[in-house]
Amino acid sequence: MNPRWLLLKRNLLDFWKTFRRNRMGLAGAFLVLTAILAAVFAPLLTPYTPTETMRDAEGRALTFAPPSVHAPLGTDDAGRDVWTQLVYGARISLTVGFLAGFIAMFIGSLFGITAGYFGGWVDNLLMRLTDVLLVIPDLPLILVLVATVRQLELKVSPLVILILVIGLLYWTSTARLIRSQVLTIKERQYVYRARAIGAGNWHIVRKHILPQIMPLIVANTVLILSTAILIESGLAFLGLGDPTQPSWGTMLNFAFDRNAVSNGAWWFYLPPGLAIIWATLGCVLLGNVLEEMLNPRLASHHLEGEQSIVTQP
Amino acid sequence: MNRRDYLLRKIFFSLVTLAVVVVLNFLLFRVLPGDPVRAVIGRNVRISADTQQALREQFGLDRPVFPDQFLTALGQWARGNLGVSWSLRKPVSEVLLAKLGNTLLLIGLGQILSIILGVALGLLAGWKRKTAVDVGALTFSLIAWAIPTFWLGIILLAAGSTWLGLPTGGIVSPSNVGKPLYTVLPDVTHHLILPTLTLTILYMGEYMLIMRSSIMEVLGEDYILTAKAKGMSHWQVLRKHALKNAMLPIVTLIAINLGFTVSGAIYVETVFSYDGLGKMFQTALVKQDYPLLQGAFLLLAVSVILANFLADILYTYLDPRVKAS
Chain R
1 MNPRWLLLKR
11 NLLDFWKTFR
21 RNRMGLAGAF
31 LVLTAILAAV
41 FAPLLTPYTP
51 TETMRDAEGR
61 ALTFAPPSVH
71 APLGTDDAGR
81 DVWTQLVYGA
91 RISLTVGFLA
101 GFIAMFIGSL
111 FGITAGYFGG
121 WVDNLLMRLT
131 DVLLVIPDLP
141 LILVLVATVR
151 QLELKVSPLV
161 ILILVIGLLY
171 WTSTARLIRS
181 QVLTIKERQY
191 VYRARAIGAG
201 NWHIVRKHIL
211 PQIMPLIVAN
221 TVLILSTAIL
231 IESGLAFLGL
241 GDPTQPSWGT
251 MLNFAFDRNA
261 VSNGAWWFYL
271 PPGLAIIWAT
281 LGCVLLGNVL
291 EEMLNPRLAS
301 HHLEGEQSIV
311 TQP
Chain H
1001 MNRRDYLLRK
1011 IFFSLVTLAV
1021 VVVLNFLLFR
1031 VLPGDPVRAV
1041 IGRNVRISAD
1051 TQQALREQFG
1061 LDRPVFPDQF
1071 LTALGQWARG
1081 NLGVSWSLRK
1091 PVSEVLLAKL
1101 GNTLLLIGLG
1111 QILSIILGVA
1121 LGLLAGWKRK
1131 TAVDVGALTF
1141 SLIAWAIPTF
1151 WLGIILLAAG
1161 STWLGLPTGG
1171 IVSPSNVGKP
1181 LYTVLPDVTH
1191 HLILPTLTLT
1201 ILYMGEYMLI
1211 MRSSIMEVLG
1221 EDYILTAKAK
1231 GMSHWQVLRK
1241 HALKNAMLPI
1251 VTLIAINLGF
1261 TVSGAIYVET
1271 VFSYDGLGKM
1281 FQTALVKQDY
1291 PLLQGAFLLL
1301 AVSVILANFL
1311 ADILYTYLDP
1321 RVKAS
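One line per chain: the protein sequences are R and H, in this order.
Our numbering applies: residue 1 is where the first sequence begins, and numbers increase by one.
Our numbering applies: residue 1001 is where the second sequence begins, and numbers increase by one.
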């Protein structure tokens, strides 16, 4: 067998041995995986389609019907099954979140590596750019951007606009993290030695720096995913989603606009929010645990432990 | 670092950020398709070709985009002229000013409450590390982070109006509109409870986390061990030596958080139909009122940049390391 594959397999096994003892990490992985599975197998989890209206014996639409055997989470204002919308909504929410997260991760890593490795004016320019982006309030900026792009009446789905806007704005924290890591790695002996025997920049980045920061990039990506899912839900709630392909945020937009609250239809506005928390909490737990395992920063302090250590004379 | 150099750098950075925002705002406005005259007076207004030409000359739209139009726009913005709202038919600056007070009231209350609660809880959690308090605080901040703001608002709205009989939206009851503020204060307070609670829960988690890690870091310093060796009680050590140093990051966080605060206001005001800048921003978005949207963006961005700068100045007074030399 290929020795590189064996090495990877051993590393993954070692990783799994540590990871499986971490309850928070396992809980996070469980939440993320179930959300992904629900999205992938949505058609198998429900007998209906998300746009299908449920009717009673006389053919009237069952609007705002409470949970029952036929509709486990009740129906919405148009008599559509909420559970069905929820599992199909997972597809939209997770797709937008994941794609936006990956774009952010890619840009962040690229800028972080470039800034950290080359230093000098490139570093200065990129870091000032992240400073500027950090100060400008993000939601108003996104809303103005999305509104302007929509005004152009391009023939693209609103979801594509959301993915691009989120992806192109949320790379700053990744860039800073990666940059600080690259700064320490590039000072290591083996990088100097590689350069001394004539290795080029591209070779050093690819063979010596990238493998070192890859685990950190993975951990950070999982964290970015949670941000992206949250932001998507917020923008969709404000009406920037695609009404024909409702995500969890769009469902909440419908529920709020169509007075689910005053109709007491808690089954309409409660589940999508819980689903968003499910997915984001999963990503945060998983991401935090991964990050902790990959760079442990331990701190204990002097007021910890027994008060009686200091004995009174 | 020298204090003067530090300030000069901060001023320069604020100016650069301001320039980015202004140029962005100008460019976005120009990106809008179709006739720029339409962008000024609105899409659906019927006007004759002559009037259009007159408007074009009046707004300087017949001159080149750069530098003429850019400088004109810059001059207008500097004088507070942000154009006319399409949907409200009023000057944008007038609309914004009318809503500003309400929003400041809401986010001010939310910030003050969350700072007090967050700092206190964070302090407790960091001091009593790995106890039930600490685990509870961490769990709370984790979940608070994962909850979408608007959804928390919807839940509190539903629960508060059903079980506590709290109002579902607005700032005052319809019967009290137009009366002087001090006579309707109880009513206003009533209306503020739910939105303020939402914002407090939302902001609190982060203050708590920062305070927790900050106090843990300070407590790990050697001078804390020295103080303890002198025989001071834990509470004395905390109060006399740890607290002041641990509070520093909170000042920075308040400034960094301002952008986040603004986002929270947009969601919360939308859910509670609270008559502030955030709700107006959302309405402008739905009605595609671009002059209003961009005026609001300019105002919010400039306020946040300014507040960040002020926090930086404040920081130099609080942190002796910046003051030195």
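Incorrect hints may appear among the rest.
Stated by the list, open to error - Taking beta-carbon pairs under 10 Å as the criterion, some of the chain H residues facing chain R (in silico): (1) S1014; (2) P1148; (3) G1259; (4) T1270; (5) L1293.
As the list claims (entries may be wrong) - Listed below are several chain R residues computed to face chain H (Cβ distance under 7 Å; list not exhaustive): (6) I197; (7) N201; (8) I204; (9) V205; (10) H208.
Stated by the list, open to error - Here chain H is said to cover these stretches of chain R; the calculated rule only asks that three of the stretch's residues, wherever they fall, bring their Cβ under 8 Å from a Cβ of chain H: (11) 44-57; (12) 128-135; (13) 146-160; (14) 224-235; (15) 261-269.
Just so you know, these hints were derived from the structure itself, not from any lab.
A virtual CB, placed ideally from N, CA and C, is assigned to each residue, including glycine.
Do the hints match the structure? See the list:
no.: 1; hint: S1014; verdict: holds (8 Å)
no.: 2; hint: P1148; verdict: holds (5 Å)
no.: 3; hint: G1259; verdict: holds (4 Å)
no.: 4; hint: T1270; verdict: holds (7 Å)
no.: 5; hint: L1293; verdict: holds (6 Å)
no.: 6; hint: I197; verdict: violated (40 Å)
no.: 7; hint: N201; verdict: violated (29 Å)
no.: 8; hint: I204; verdict: violated (32 Å)
no.: 9; hint: V205; verdict: violated (29 Å)
no.: 10; hint: H208; verdict: violated (32 Å)
no.: 11; hint: 44-57; verdict: violated (count 0)
no.: 12; hint: 128-135; verdict: holds (count 5)
no.: 13; hint: 146-160; verdict: holds (count 5)
no.: 14; hint: 224-235; verdict: holds (count 4)
no.: 15; hint: 261-269; verdict: holds (count 5)
Checked against the numbered hints above, the structure breaks hints 6, 7, 8, 9, 10, 11 and satisfies the rest.
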